[in-house]
Structures are given as structure tokens and as C-alpha cells.
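**Student:** Protein chains in written order, with our numbering: chain A, 1 to 515; chain B, 1 to 515.
Simulated from the structure, these hints should not be mistaken for laboratory data.
One should not assume that every hint holds.
One copy or two, it doesn't matter: identical chains are merged, so the pair holds either way.
Unchecked claim - SDA-like mimics (lysine to any residue), calculated; alpha carbons at most 25 Å apart, straight line:
{"no.": "1", "residue 1": "LYS308", "residue 2": "VAL383"}
{"no.": "2", "residue 1": "LYS387", "residue 2": "ARG350"}
{"no.": "3", "residue 1": "LYS387", "residue 2": "THR256"}
{"no.": "4", "residue 1": "LYS387", "residue 2": "GLU471"}
{"no.": "5", "residue 1": "LYS387", "residue 2": "ARG134"}
{"no.": "6", "residue 1": "LYS387", "residue 2": "ARG455"}
{"no.": "7", "residue 1": "LYS387", "residue 2": "THR73"}
{"no.": "8", "residue 1": "LYS308", "residue 2": "ALA278"}
{"no.": "9", "residue 1": "LYS387", "residue 2": "ARG72"}
{"no.": "10", "residue 1": "LYS308", "residue 2": "LEU386"}
{"no.": "11", "residue 1": "LYS387", "residue 2": "GLU63"}
{"no.": "12", "residue 1": "LYS387", "residue 2": "ARG245"}
{"no.": "13", "residue 1": "LYS308", "residue 2": "ASP39"}
{"no.": "14", "residue 1": "LYS308", "residue 2": "GLU63"}
{"no.": "15", "residue 1": "LYS308", "residue 2": "GLN16"}
{"no.": "16", "residue 1": "LYS308", "residue 2": "ARG455"}
There are 2 protein chains.
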Amino acid sequence: MRRWELAVSLDPQGGQPLFLQLADAIAGDMRRGRLRAGDALPGSRELAAQLGLNRNPVVAAYEELAAQGSVRTRVGGGTFVAAATPLARVRPWTPEAPAAPTFALAPAAPARVVAPAAPAPGTLLLAGAAPDPRLFPARALARAFRRAIEARGRAALGAGGPCGHARLRGALADMLARSRGLPATPANTMVTRSIEQGIDLVARALVSPGDVVAVEQLGYPPAWNALRLAGAEFAPLPLDGEGLRVDALAALLERTRVRAVFLTPHHQFPTTAVMSAARRARLAELALRHRIAIIEDDYDHEFHYAGKPVLPLAAGPGGANAVSIGSLSNLLAPGLVTGFVVAPTPVFERIAQLRAASDPRCDAALEAAIAELFEDGELLRHVRRLKRAFAARRDALATALRRRLGGALEFHVAEGGLALWVRADAAIDLGAWVREGLREGVQFAAATPYEFSGRDVQAMRLAFSWHDEAELGQAVERMARALTRCAPRRRAPLARAASGTRAIGSREAERRRSA
Amino acid sequence: MRRWELAVSLDPQGGQPLFLQLADAIAGDMRRGRLRAGDALPGSRELAAQLGLNRNPVVAAYEELAAQGSVRTRVGGGTFVAAATPLARVRPWTPEAPAAPTFALAPAAPARVVAPAAPAPGTLLLAGAAPDPRLFPARALARAFRRAIEARGRAALGAGGPCGHARLRGALADMLARSRGLPATPANTMVTRSIEQGIDLVARALVSPGDVVAVEQLGYPPAWNALRLAGAEFAPLPLDGEGLRVDALAALLERTRVRAVFLTPHHQFPTTAVMSAARRARLAELALRHRIAIIEDDYDHEFHYAGKPVLPLAAGPGGANAVSIGSLSNLLAPGLVTGFVVAPTPVFERIAQLRAASDPRCDAALEAAIAELFEDGELLRHVRRLKRAFAARRDALATALRRRLGGALEFHVAEGGLALWVRADAAIDLGAWVREGLREGVQFAAATPYEFSGRDVQAMRLAFSWHDEAELGQAVERMARALTRCAPRRRAPLARAASGTRAIGSREAERRRSA
Chain A
1 MRRWELAVSL
11 DPQGGQPLFL
21 QLADAIAGDM
31 RRGRLRAGDA
41 LPGSRELAAQ
51 LGLNRNPVVA
61 AYEELAAQGS
71 VRTRVGGGTF
81 VAAATPLARV
91 RPWTPEAPAA
101 PTFALAPAAP
111 ARVVAPAAPA
121 PGTLLLAGAA
131 PDPRLFPARA
141 LARAFRRAIE
151 ARGRAALGAG
161 GPCGHARLRG
171 ALADMLARSR
181 GLPATPANTM
191 VTRSIEQGID
201 LVARALVSPG
211 DVVAVEQLGY
221 PPAWNALRLA
231 GAEFAPLPLD
241 GEGLRVDALA
251 ALLERTRVRA
261 VFLTPHHQFP
271 TTAVMSAARR
281 ARLAELALRH
291 RIAIIEDDYD
301 HEFHYAGKPV
311 LPLAAGPGGA
321 NAVSIGSLSN
331 LLAPGLVTGF
341 VVAPTPVFER
351 IAQLRAASDP
361 RCDAALEAAI
371 AELFEDGELL
381 RHVRRLKRAF
391 AARRDALATA
401 LRRRLGGALE
411 FHVAEGGLAL
421 WVRADAAIDL
431 GAWVREGLRE
441 GVQFAAATPY
451 EFSGRDVQAM
461 RLAFSWHDEA
471 ELGQAVERMA
481 RALTRCAPRR
491 RAPLARAASG
501 TRAIGSREAE
511 RRRSA
Chain B
1 MRRWELAVSL
11 DPQGGQPLFL
21 QLADAIAGDM
31 RRGRLRAGDA
41 LPGSRELAAQ
51 LGLNRNPVVA
61 AYEELAAQGS
71 VRTRVGGGTF
81 VAAATPLARV
91 RPWTPEAPAA
101 PTFALAPAAP
111 ARVVAPAAPA
121 PGTLLLAGAA
131 PDPRLFPARA
141 LARAFRRAIE
151 ARGRAALGAG
161 GPCGHARLRG
171 ALADMLARSR
181 GLPATPANTM
191 VTRSIEQGID
201 LVARALVSPG
211 DVVAVEQLGY
221 PPAWNALRLA
231 GAEFAPLPLD
241 GEGLRVDALA
251 ALLERTRVRA
261 VFLTPHHQFP
271 TTAVMSAARR
281 ARLAELALRH
291 RIAIIEDDYD
301 HEFHYAGKPV
311 LPLAAGPGGA
321 NAVSIGSLSN
331 LLAPGLVTGF
341 VVAPTPVFER
351 IAQLRAASDP
361 RCDAALEAAI
371 AELFEDGELL
381 RHVRRLKRAF
391 AARRDALATA
401 LRRRLGGALE
411 FHVAEGGLAL
421 WVRADAAIDL
431 GAWVREGLRE
441 GVQFAAATPY
451 EFSGRDVQAM
461 RLAFSWHDEA
471 ELGQAVERMA
481 RALTRCAPRR
491 RAPLARAASG
501 TRAIGSREAE
511 RRRSA
């Protein structure tokens with residue numbers, strides 16, 4: 001018998017499962033006559049080895065073909081092409097799209113998207129500020145997950161409640177009480193699917209259509225999207241080096257009723273400014289007096305490198321009006337999304353009802369595994385390691401930027417967070433620089449998408465959390481090369497290795513020249 | 001030096017992490033003088049062995065105490081009680097709840113909860129109809145998860161998009177196209193966090209406050225909760241053995257505008273009725289003509305034991321107006337929650353925008369692992385195993401019910417689903433029977449919570465998916481004992497081992513007597 005070999009190009013990342021790709025390829029060989037009635041197919045182990053796969057998809061492909069009547073198995077073993085091979089293809093992968101519905105659709109919800117397009121492989125990423133998954137204790141989590149789903153009994157795979165797995169709620173509430181001083185207990189702490197789900201629930205609980213929500217002029221567009229869904233009208237407030245200008249909120253309150261203020265007081269997003277103690281006190285006082293809810297997004301509290309982190313607003317005198325929202329994604333990995341909400345009991349009850357009505361379950365197995373990382377102390381050790389790593393990376397990025405781009409950029413070294421807030425010389429065409437950067441193999445972006453009104457922002461948020469020190473140095477090198485290409489007249493100041501002060505002077509001079 | 005031994009009762013299920021329980025216990029021994037300044041603590045390995053723990057929580061407890069200044073480490077190794085031991089307790093676990101907010105709260109969203117309270121350990125469960133996790137290929141999923149998060153590179157732990165992980169969307173769309181005939185492609189298939197999140201998104205996309213949504217008189221309250229959140233007014237429609245009475249919908253349309261109909265046509269929830277072909281055709285025609293959206297909850301499509309499953313409405317002539325919602329939880333395990341939505345492209349775009357605004361991430365790591373189970377064919381094999389197991393369990397439950405409770409109950413053996421719909425003799429006090437059942441160690445419940453208007457329902461949904469045949473026999477035995485205790489006058493018919501027909505006769509007679 002001639003030896004049949006399957007020529008197939010499998011695409012493990014393709015939409016179609018491997019076993020169907022295999023079944024299609026084998027059916028194709030039947031149609032082309034490369035396989036005829038009665039021919040023996042190789043054993044599943046043999047074909048798997050030949051293709052460099054594990055055996056499961058091969059077995060499944062044979063089962064699929066058997067279900068169609070294309071192959072038969074014989075007593076004593078072996079899989080054979082059936083006598084009358086149906087020549088029809090396996091059901092096509094992409095069925096026809098249905099016709100349009102006959103009912104009218106409401107207008108689309110406006111939603112701002114800030115994620116830049118995925119760049120070419122090998123591109124170094126300074127846009128976005130996710131933690132480097134190479135630092136993540138993947139093995140420990142995989143072990144914990146295995147224990148969670150293989151545990152005796154059925155509790156581990158049983159349904160979890162709408163507020164999250166009891167063990168994770170407990171561990172999280174404890175961490176938030178200890179490290180952030182929040183009045184968190186398991187009873188007023190909810191595990192959410194994402195930080196945005198937390199914002200969405202809080203918005204649905206607190207905001208009615210037409211309610212005014214004060215936000216930061218530069219901020220986090222996904223939060224605005226969720227608030228807008230609930231019908232919020234926005235009042236953007238200015239920022240400075242101490243965060244939200246609370247005096248502007250006070251002035252706004254003279255004119256209008258404000259339902260809530262949404263803000264990032266700790267490491268302001270995107271500018272990284274830490275709100276001063278005086279402003280916090282004033283904001284708490286205003287909120288209590290004017291019956292305003294404080295929605296505090298404390299998304300990267302742990303990553304503070306200069307002394308102790310400042311306590312959240314929710315831990316201070318305005319706590320009775322404050323809802324604290326956060327995420328474990330920055331402590332774990334972007335693909336392990338877990339947010340949380342801590343709220344005063346009456347508010348929490350409303351949020352819990354909304355969660356119960358809109359998504360009354362939790363990922364019990366995965367949450368149990370994450371809870372185990374807390375219980376072991378593994379997660380807290382991991383956070384300490386991350387803090388050390390990120391502090392070193394922050395310093396490396398700052399040093400490289402000063403050395404190679406000191407004449408073009410101005411920044412303060414952030415006390416915390418995962419990125420530097422960097423202002424660019426007014427003479428630089430940021431859009432052109434970004435495009436040249438992609439050609440050089442580095443992705444960064446102007447902060448314009450974070451500006452509430454969509455005005456151009458001559459600044460960038462450069463992340464130091466995704467790459468190590470050497471990679472960051474290389475990324476800045478590429479930025480510098482890109483700048484040389486897109487703005488040749490900037491070459492002279494670049495070569496000067498200017499200090500921050502000189503850089504400002506130089507930018508001022510440039511501005512006067514270009515004015 | 002005297003030997004110190006830690007007396008501590010650890011609670012691994014407690015809210016507080018193990019390492020904090022340990023640190024608290026050690027600090028307690030310092031306060032009580034059992035440990036004094038300079039005393040050496042045992043090595044972390046030694047203490048871990050003594051307590052039967054792994055080493056991580058012990059190391060973390062020592063680190064916690066060191067951070068507080070209660071212990072020190074010495075050069076050359078060893079951990080010692082510090083000279084001046086702070087006598088303060090570790091920060092208390094349960095902080096004070098904050099005072100009430102000064103802002104007014106909107107009234108609570110009404111939400112119906114149907115889950116019965118957790119019964120005593122050892123209770124056999126016939127209420128609820130989750131798949132038995134003992135049948136779940138936990139090891140295969142654990143391996144796939146490990147591969148997903150330990151994979152080289154950072155893609156696996158990177159952020160996933162709002163519509164779910166690309167691999168899982170592809171595998172899911174393929175399965176839905178093949179097994180259900182849905183016009184599903186990766187582009188119009190969304191992976192949701194739960195079936196309810198799918199309903200919530202569809203409701204937010206289609207329903208405006210005051211819109212009328214037709215629902216089944218007996219149905220799934222979590223779906224009503226999500227629809228009500230979007231402002232739906234409900235029109236409950238009657239059911240019979242062929243499912244929703246479409247003639248009642250037609251009559252309703254004479255009087256009022258209907259925006260959408262929400263239904264479970266395949267194995268009607270909770271009655272398990274399969275909607276007849278004639279009614280499907282009529283419903284499709286009505287929906288297209290009257291511009292009504294069909295929201296089809298096809299929650300357990302795969303579990304059909306009599307021939308081929310009937311194709312969904314979304315696969316038929318009304319498909320252009322139909323949104324199909326489902327869940328993988330019944331194929332996997334309750335703690336692995338994954339729902340999906342398939343919709344015509346214009347509707348899908350709205351839903352995708354809402355998801356992007358309210359929860360724009362996915363569990364990339366877990367979804368990649370589940371996708372691998374699809375790609376291997378492992379999941380389809382698992383579904384075939386489940387179908388065989390559930391068919392046998394269904395028959396075992398039906399046999400036991402007929403033998404032991406044939407005089408008290410009446411039912412048809414369902415063609416599909418995970419439960420039997422069982423009517424109880426009108427003379428039985430169902431509430432009393434349920435209470436006696438719990439004492440006997442079996443949990444079942446009247447179907448009253450599934451009735452839209454809250455009227456008493458003299459019927460039950462008895463699940464056969466959680467327990468094996470022997471356990472089901474035992475559960476029915478306990479039901480029979482419980483019935484004997486709560487209604488002694490029913491003893492005679494029980495002993496008769498009546499057939500279905502005789503049971504009806506007996507119930508009719510009983511009804512006449514009690515009328």
C-alpha cells in the first residue's frame with residue numbers, strides 16, 4: 001500500500017480549531033483522489049507525531065470524519081476511508097451573514113477608544129502602561145488554579161456569588177484595609193470583572209440621565225464611556241502639578257448642581273500628579289457639604305516609590321461619600337482582569353443589586369486561585385518585587401530621556417505609577433515623531449486622546465512598566481533617531497544633553513522663534 | 001532555651017489570609033509573654049511542617065512581623081523576637097464601617113433571587129441544574145491554563161479585547177455554526193462573562209424605558225432582572241406543552257406595540273417543553289412583520305437526548321430579527337462562567353459598543369485555555385460524554401420517581417435539558433414537603449419563583465445533572481420519606497407505585513375532594 005502523507009499548513013492562531021483544519025485537509029485529499037475508498041489512515045499517534053501535534057486534535061478530526069461517514073473504523077483497529085466517500089466539503093467555516101433586522105436600532109453609544117493599533121513585532125512599547133508579564137509568578141498561579149479546579153469535592157467548581165468569591169473578597173478587603181487604610185470588609189468589597197465594570201456599576205447606581213459629573217480635563221476615557229452610558233453630562237475641571245484644581249470645582253458648585261466627581265487623586269491619570277493634602281481636605285469638605293459622591297479611581301496605588309503612598313480619599317474625612325475603585329490587573333497581568341469596588345454600606349447595597357441583576361456570577365475557579373496567592377503571601381511578595389523593578393526602570397527611563405532627549409522633553413520624575421508624564425518642546429511635530437518612531441521600532445503616543453475636549457496635547461505618557469532597563473534605553477535611542485529624521489532642525493539641542501532647566505530654556509526660545 | 005510551639009487554629013476558608021492569621025497568632029504569643037525579646041523563632045520550613053502548611057504563608061507571616069518591627073533577622077540566619085516588642089495587635093481585621101453618605105440614593109433596583117439557601121453538608125441537591133463537576137476534564141483545563149500563562153512571549157498574558165479572546169471567538173462561532181446552524185462568525189460572536197451579561201447588553205442595546213417585552217409566564221427571573229434594569233415593561237404570555245403560546249402573542253399585538261420577545265424555545269425554562277415547528281414559523285413571521293426583536297436564550301442546546309436538537313429560531317426564517325444568547329457553563333462547570341451572544345451584524349455592533357463602554361476586557365488567559373479545549377476536540381468529546389451520562393441519569397431519576405412517588409407526581413420524560421418538570425398532586429403541601437425534605441437530606445423546591453406574577457406553582461424542576469444514578473435513587477428515597485412525614489394521609493397512594501395515568505386520575509379525584 002502506498003504511503004499517504006498529509007500535506008497541511010495548520011494555523012494554531014487561526015479562528016478555526018485545529019481538529020477541523022485537519023478534518024478539512026483530509027477530506028480535501030479524499031476529493032483530490034490522494035486518498036481512496038479502503039485506504040488506511042495512519043494511527044492517530046503516528047499522524048500526530050508526523051505533524052508535531054498532540055494526539056487530541058487528530059483523534060477529534062477522525063471522529064469528525066467518522067460522524068460525516070467519510071471514514072470507518074474496523075474491528076481490530078485502524079481507520080479506513082469509507083467505500084462511498086461523500087464528496088461534500090466539511091460545512092463551510094464562514095456562513096452567510098443574515099439579512100438586516102426589520103426593527104429600528106437606537107443610535108450608537110459614543111465611545112472613545114484610546115488603544116493604539118498593534119505595532120509590528122519587535123517594536124518596543126512605551127505607549128500604555130501594563131506590568132511586564134515576565135515578572136509575573138505564572139507558575140505559582142498555574143499551580144493554584146490546578147489545585148482550585150482539581151480539589152476534591154465540588155465546591156471549587158461550584159458557582160460563585162455576584163460579589164465575587166468569598167476567599168478573594170476577604171483577602172482583598174484585608175489588603176485594602178492594611179495598605180490603603182480603606183474601611184473595607186468582605187461585606188462592602190466586591191470583586192469585579194474589570195475596573196470598567198466597577199465604574200459602570202457605580203455609574204448605574206449613582207448617575208441618572210442629565211446628572212452632572214465633574215471629571216479631570218486630562219483623564220481616563222474608558223471611565224467617561226461608562227459614565228456617559230448612564231446618562232452623565234460632564235464638567236471637565238483643570239489640573240496642575242497638585243492634581244485636580246479643587247477651587248475650580250468650588251466655582252462650578254456656585255453655578256450648578258453636581259452629582260459626582262470622578263477622579264484619580266493618587267497618581268493622576270495620565271499626568272501622575274499626587275493630589276496635595278490641602279486639596280484632599282477641601283474636596284472632602286465640599287463633597288460632604290454639597291452632597292456630592294466621590295468616585296475615586298485608585299488604579300495603581302501600590303506603585304509609589306517615594307516614602308509611603310498617600311491614603312485614598314475614601315480613607316479620609318470624606319470617606320462616607322467616597323466609592324473606591326481599583327484593579328488587580330496592574331499587580332497581576334493584563335490578561336488576568338480583576339477589579340474591585342469598596343463603598344459605604346448603603347451605596348454598596350445598590351451596587352451589589354445592580355451586579356446581581358446584570359452579571360450575577362463570578363469566575364469562582366480563577367478567583368479562588370488568585371485568593372490562594374494572597375493567602376500564601378505570594379502576591380504581596382510579588383508586589384514588593386514589582387515595586388523594586390519598576391523604581392529601577394523609572395530611573396533608567398528618566399536617565400536615558402535626559403541624556404538623549406533632554407533638549408526636546410521636560411518632565412518631573414514621578415513619585416509613583418507606571419509611566420512618566422513628559423512634555424514635548426512646542427516646536428516638535430508630535431504626530432510626525434510618533435510615525436517615525438514606529439518606523440524605528442518604538443511605539444509612543446501623544447496624550448491627546450486623554451484630553452476631554454480632544455484638544456492637541458503636546459505631552460506624552462511614557463510607560464516604564466513593560467520593558468526592562470536595557471530595553472528602555474534602546475527604546476529611547478530609537479525615539480532619538482526618529483526625532484532626528486522627522487525634525488532635522490532639532491539636531492543641535494539634542495546633542496547638548498541638556499538638563500531639565502536648560503531644556504525649558506531651549507523650548508521657550510524655540511517657541512519665541514516659531515511664534 | 002525552652003521550645004516554643006505555636007498553638008493556632010487556622011481557618012483556610014476564613015476571610016483572612018493564612019499568613020495574617022499566623023502573624024496575629026505569633027504576635028498574640030508575644031503579648032502573652034510566651035515569646036520574649038531575643039527568643040528564636042523556628043525556621044519557616046520547620047514551622048510549616050509543624051502546622052501542615054506549605055512554606056509560603058510562614059515566610060510571609062515572618063515578613064509581616066518584621067515590617068512591624070516585632071521580629072528581626074540576624075546575619076547568619078535565624079529570626080528573633082525584637083528587643084522592644086510592640087505590644088499593639090496587628091491592625092484589626094474588621095475596620096469600622098463608614099458613616100452614611102450625605103447624598104441621596106435612588107430607590108433600589110428590584111431583583112428577584114431564586115437560588116435556595118445552601119443546605120447542610122451531605123444534602124442531595126435536586127434544586128438547580130448545574131452539570132456535575134466530577135465529570136469535568138479538570139486536568140486537561142489545568143494543563144491548558146498553565147500552557148496559556150507560561151507560554152513564551154507576553155501575548156498570552158496580554159490584554160484581550162472587549163468581545164473576547166480571538167481564539168475562543170473563532171472556536172465558539174464554529175461550534176455554533178456547525179451544531180446549531182447559527183449564522184455565527186468570529187465577527188458577530190461575543191464571549192461574555194456570563195449568560196446574564198449577554199442579556200444585560202442586549203437589553204441595553206434594544207430596550208428603552210417603557211418598551212414592552214413579552215416573556216414566558218414561567219421563566220428565568222435573572223433574565224427579567226436584566227431586562228427590567230433597561231426599563232422594560234413586561235407582558236407575560238402563557239405556555240403549554242409546545243412552549244410559548246404564540247397565538248397569545250398575536251392577540252397581544254392587536255392591542256399594543258411590542259419591542260422584543262424573550263424566550264427559551266428549545267428546552268423551555270423551567271418546563272422543558274420543546275417549541276413546535278408550526279409555532280416557530282408563526283413566531284418568525286410575526287416578529288418580522290411587527291418589527292419585534294427575538295431574544296432567544298438557548299442555554300442548554302447540546303443536551304438533547306431524542307434525535308437531533310431542533311434548530312434555534314436564530315437559525316430559521318426569523319434569524320434577521322433574532323439574537324441568540326447562551327452559555328458554556330453547562331458544558332464546563334458553574335465556576336467557569338462563559339456566556340456568548342450571536343447577533344445580526346447591525347445589532348452586534350451596538351452590543352459590542354456597549355460592552356466596550358462597560359467592560360472592555362476579557363479573561364484572556366482563561367479564555368485561551370478554554371479555546372485550547374475546543375481546538376483539541378477535548379470539549380466536544382466532553383459534551384458527548386456528558387450527554388450519555390445525563391441521558392442515563394434522566395432515565396434513572398424518572399424510574400425512581402415513578403416507582404416511589406408515582407402516586408404523588410406526574411411528569412413527561414423530557415427530550416432534553418438537565419431537569420424533569422414534575423407536577424405535584426394538588427393535595428400536597430409543597431412548602432411542608434420541601435422543609436421535611438431538607439431534614440431528610442434532600443433539597444428540592446417548588447417552581448413558584450419562576451412564575452412571573454409570583455402565583456403558587458404546584459410543580460417542581462428536579463435536576464438530574466448534579467448527581468449520579470445511585471445518588472438520584474437515594475434522593476428520591478429521601479423525598480418519599482419526607483412526604484410520608486409531612487402528609488400522612490398520602491401514605492396509601494404512595495404505596496401503590498402508580499403509573500402516570502393512574503397518578504393523574506388520583507390527582508383529579510383528590511382535587512375534586514378538596515374543592
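**Student:** Confirm or reject each hint.
**Tutor:** Verification of the hints:
1. Only within a single protomer do LYS308 and VAL383 lie at most 25 Å apart by alpha-carbon distance; the minimum there is 15 Å, versus 53 Å between protomers.
2. Within a single copy, LYS387 and ARG350 get their C-alpha atoms no closer than 35 Å, and across copies no closer than 40 Å, so neither meets the 25 Å cut-off.
3. Taking the closest pair of Cα atoms, LYS387 and THR256 never come within 25 Å of each other, the shortest separation being 42 Å inside a single copy and 62 Å across copies.
4. For a Cα distance limit of 25 Å, the shortest separation of LYS387 from GLU471 inside one copy, 18 Å, qualifies, whereas the shortest one across copies, 52 Å, does not.
5. When the C-alpha separation of LYS387 and ARG134 is checked against a cutoff of 25 Å, the pair qualifies only within one copy, where the shortest distance is 14 Å, while the shortest distance between copies is 41 Å.
6. Taking the closest pair of Cα atoms, LYS387 and ARG455 never come within 25 Å of each other, the shortest separation being 34 Å inside a single copy and 59 Å across copies.
7. With identical chains, the CA atoms of LYS387 and THR73 are at most 25 Å apart between copies only, with a shortest distance of 22 Å across copies and 59 Å within one.
8. In the homo-oligomer, the alpha carbons of LYS308 and ALA278 lie at most 25 Å apart inside one protomer (17 Å), although the nearest pairing across protomers, at 70 Å, exceeds that limit.
9. When the C-alpha separation of LYS387 and ARG72 is checked against a cutoff of 25 Å, the pair qualifies only between copies, where the shortest distance is 22 Å, while the shortest distance within a copy is 60 Å.
10. Proximity of LYS308 and LEU386 under a CA criterion of 25 Å is satisfied intra-copy only: 16 Å inside one chain copy versus 54 Å between copies.
11. Only between protomers do LYS387 and GLU63 lie at most 25 Å apart by alpha-carbon distance; the minimum there is 16 Å, versus 51 Å within a single protomer.
12. With identical chains, the CA atoms of LYS387 and ARG245 are never at most 25 Å apart, being 29 Å at best within one copy and 62 Å at best between copies.
13. In this assembly of identical chains, LYS308 and ASP39 lie within 25 Å of each other by CA distance neither inside one copy nor across copies; the values are 73 Å within and 31 Å between.
14. For the identical chains of this complex, LYS308 and GLU63 are inter-copy neighbours only, at 18 Å across copies versus 61 Å inside a copy, given an alpha-carbon limit of 25 Å.
15. In the homo-oligomer, the alpha carbons of LYS308 and GLN16 lie at most 25 Å apart only across protomers (24 Å), although the nearest pairing inside one protomer, at 50 Å, exceeds that limit.
16. Taking identical chains as interchangeable, the C-alpha atoms of LYS308 and ARG455 are never at most 25 Å apart, the minima being 35 Å within one chain and 59 Å between chains.
When the structure is compared with the earlier hints, violations turn up for hints 2, 3, 6, 12, 13 and 16 and for no others.
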